[in-house]
Amino acid sequence: MGILQRISMDWSPIILTFKLALLTTFLLFLLAIPLAYWLAYSRSRIKPVIETVVSMPLVLPPTVLGFYFLIAFSPNNTFGNWLDQWFGVRLVFSFSGLVLASIIYSLPFMVHPIQSGLTGIPSSLKEAAYLMGKSRWTTLTKVLLPNIKPSLLTGIVLTFAHTVGEFGVILMIGGSIPGKTKVASIAIYEEVEALNYGSANFYSGILLAITFAILLLVYLVNGGYLKQFWK
Amino acid sequence: MIAMHIQKKLKGAEGEMTLDVALNIKKNQLVTLYGASGAGKTSVLRMLAGLMRPDSGNITVNDQIWFDAQQNINLKPRQRQLGFVFQDYALFPHMTVRENLEFASAQKQPQHISELLELMELGQLADQKPPTLSGGQQQRVALARALAQRPKLLLLDEPLSALDPSTRLRLQDCLLDVHRNFEITTIMVSHDANEIQKLANYVMVLEKGRLITQGSPQETLTVASQVDGEIVSIEVEGNTSVVRVKVQGQTLQLTLPSATTKDMEVGNRIRIALDTVM
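Just so you know, the sequences run in chain order G and V.
Residues are numbered in our numbering as their position in the first sequence, beginning at 1, plus a constant of 3.
Residues are numbered in our numbering as their position in the second sequence, beginning at 1, plus a constant of 38.
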């Protein structure tokens, strides 16, 4: 495959993949902080149940998750119909549906690092801030979060990488609508099915290189190898 | 200034214990809470600070009710405006020494902070982060940070226990200076009799969750330096007897006049008290 052919390749699956991953990571970050905070400090009785729900995507086949999303969001069913009637939102075979499903699917990858980061902070730091008259919000933003930067970075990167690598869930509820739900992993599958190994190789190579670079960056940062470059 | 009468069920290493403490502390006193580990000293401090909720009772400070179980009043820690030095210092590792002090003080008051840094001999270290400091330096930062809040009440939880003896002595002087200069009512947890003799003007001795005695260090510490044990064996050899007593997992061998041991039996519990504190 020549250079010209490469440039004329359809880039939309790649762009869509990273758009999905960025949006999912951003929204999940906002959602995961309060959730991880609650899981780290609550002594509620329902905590084990919530912890289980958060961890489910780790063990459940993505197709199972995708199947239930499909059922729940389908406009033929009560919930999906209600969404459609009241908000005009259709989550099946749409990009917003992919974002929502990705958020749930990557939940443990964002929540677990943040939760264990928070649990690892000595409780005296939090108590000291309270005793200085600081609110919970100030304590969270000025004391707790700055002290778990490596955990935050790990959560962000794992979520991003995990969303880039998503396949089963998207196949189930997104289908393969070009420019809307056809992400790179789906495109690769279809190119292979059509025996277009060249295009499959193109998409695969890009995903491989980018995910390798991202993960390498995390290990460099968290391992302190880059400390010498900024202070 | 402080009137406190609280009850709290605690689960400790030796099973359940009920902490039941009534104490009154006058303004500007430097009070020490003394007692063996597990006696409930830190819990008393934490309940005063609002970090632990008593089961029942009340706490009044300067005529303001901080806690009242019946009226369901329980001021949050941040409403109590007190300085607290933790056993592990609880310095914020991501902030410099100066930022730690600035974070603690309610308004911007650079002059007060500079004075505190000078007083604690931290001027040179102001732009360093706590993890790079030695134990004694971290301790001084923790104390300076508590003072940056301009508290009326200062609580110190075994502030010097992790330090080597010479640093300890210097910081004891430092604490005395602070107490004289700032006239802050101070409550300190300690289990070092020497330290208490030197610093405190009032001692409260806790044992298994009860306040067993209180007064000046001279009056109380002889009583405080006591241990309970169980007699393991008695060997009478003429006028002297050798009594072995099991105390906190160790066996003490005491040589006593036989006249004093004739009522003792193996299995008895006895109390050994030191007459003087060296």
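Just to be clear, a hint being listed does not mean it is correct.
To be verified - Computed, partial: chain G to chain V, Cβ under 10 Å: (1) 123; (2) 125; (3) 127; (4) 129; (5) 149.
Treat the hints as calculated values from the structure; they're not laboratory data.
For each residue, glycine too, the CB sits at the ideal point set by N, CA and C.
Next on the checklist: So, as I understand it, the hint says residue 149 (chain G) touches chain V; can you test that by seeing if any CB pair is closer than 10 Å?
Outcome noted: Result: holds, 5 Å to nearest chain V Cβ.
Next on the checklist: Let's test the interface hint: is any C-beta of chain V closer than 10 Å to that of residue 127 (chain G)?
Outcome noted: Interface hint status for residue 127 (chain G): holds (4 Å vs cutoff 10 Å).
Checklist entry - Under the criterion of a CB-CB separation shorter than 10 Å, is residue 129 (chain G) in contact with chain V as hinted? => result 9 Å, holds
Checklist entry - Does the interface hint hold: is residue 125 (chain G) within less than 10 Å of chain V, judged Cβ to Cβ? => result With a minimum Cβ separation of about 6 Å from chain V (threshold 10 Å), the hint on residue 125 (chain G) holds.
Next on the checklist: Take the shortest C-beta to C-beta distance between residue 123 (chain G) and chain V; is it under 10 Å?
Outcome noted: 12 Å, violated
Checked against the numbered hints given earlier, the structure breaks only hint 1 and satisfies all the rest.
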